[in-house]
Amino acid sequence: EAQVTQNPRYLITVTGKKLTVTCSQNMNHEYMSWYRQDPGLGLRQIYYSMNVEVTDKGDVPEGYKVSRKEKRNFPLILESPSPNQTSLYFCASSLGATGVTEAFFGQGTRLTVV
Amino acid sequence: QKEVEQDPGPLSVPEGAIVSLNCTYSNSAFQYFMWYRQYSRKGPELLMYTYSSGNKEDGRFTAQVDKSSKYISLFIRDSQPSDSATYLCAMKYSSASKIIFGSGTRLSIRP
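One line per chain: the protein sequences are G and X, in this order.
Residue 10 is where the first sequence starts when you use my numbering, and the numbers rise one by one after that.
Residue -15 is where the second sequence starts when you use my numbering, and the numbers rise one by one after that.
I should point out that these hints are in silico values taken from the structure, not numbers from a laboratory.
Keep in mind that a hint or two might mislead.
The calculated lysine-lysine pairs, modelled on BS3-like cross-linking and capped at a C-alpha distance of 30 Å, are [unchecked claim]: (1) G:K66 with X:K26; (2) X:K(-14) with G:K74; (3) G:K26 with X:K26; (4) X:K(-14) with X:K40; (5) X:K(-14) with G:K66; (6) X:K26 with G:K27; (7) X:K26 with G:K80; (8) X:K54 with G:K66; (9) X:K26 with G:K78; (10) G:K74 with X:K40.
Work the whole structure out from these sequences, hints included.
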């Protein structure tokens, strides 16, 4: 089954404690991306990757890091989480490098930073 | 001013009605225009995208882009209760640029 898998689904952590949210896709997609969703602000792109070893900043990259060492995985790293990073996070992948064809989203990771 | 503006709604229409969802944008450089649907407690799903201007149809859904007015629309014909969701528009400047989203419109179809 074609899917994007995020882990964990729920996470409560403390300010400053480094964490990683994993994202994996099984469709051999070129494009992968991370988003955060906050009430009233909609969906905002954090980082995206058009291919292995190619990453670029989205709309709200501050406080986040990513890497794309292999095609299927695109982890999101919060080196020093802060309460303003409490949000619902989605990972997505897309067949084409533009990110607009056959896009699949993961189920989301709800992160709370206290 | 936000680059992409979208009325948050909620929008409530009776079953069978034609629904019109809209977004305006400020930068004429946008080339890719997308519509996503998001059900409650689920991830978004890409409905359709349009490159540059014109219309695109997929079943009951039609996407329109009016670049002269900086205005995009999504029409849903013969609306069903299962169409009740939040609809997000999004745009890209180029094939390699970031994606910028509207804040989403909550749609409810009354049986």
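Against the structure, the hints:
At most 30 Å may separate the alpha-carbon atoms for a hinted pair to count; K66 of chain G and K26 of chain X meet this at roughly 25 Å. Our distance criterion of 30 Å between C-alpha atoms is met by K(-14) of chain X and K74 of chain G, whose separation comes to about 25 Å. With a C-alpha separation of about 28 Å, the suggested pair K26 of chain G and K26 of chain X falls inside the 30 Å cut-off, and the hint holds. Between K(-14) of chain X and K40 of chain X the CA atoms are separated by roughly 26 Å; this keeps the pair inside 30 Å, and the hint holds.
Of the supplied pair hints, the one linking K(-14) of chain X and K66 of chain G holds, its CA atoms being roughly 18 Å apart against a limit of 30 Å. Taking the CA atoms of K26 of chain X and K27 of chain G, the gap is near 26 Å; set against the 30 Å cutoff, the hint holds. Distance check on the hinted pair: K26 of chain X and K80 of chain G sit about 25 Å apart at the alpha-carbon level, within 30 Å; holds. With a CA separation close to 25 Å, the supplied pair K54 of chain X and K66 of chain G stays within the 30 Å bound.
Note on K26 of chain X and K78 of chain G: the hinted pairing holds, with a Cα-Cα distance of about 28 Å set against a maximum of 30 Å. A C-alpha spacing of about 36 Å is found between K74 of chain G and K40 of chain X, which places the hinted pair above 30 Å, so the restraint is violated.
Hint 10 from the earlier list is the only one contradicted by this structure; the remaining hints agree with it.
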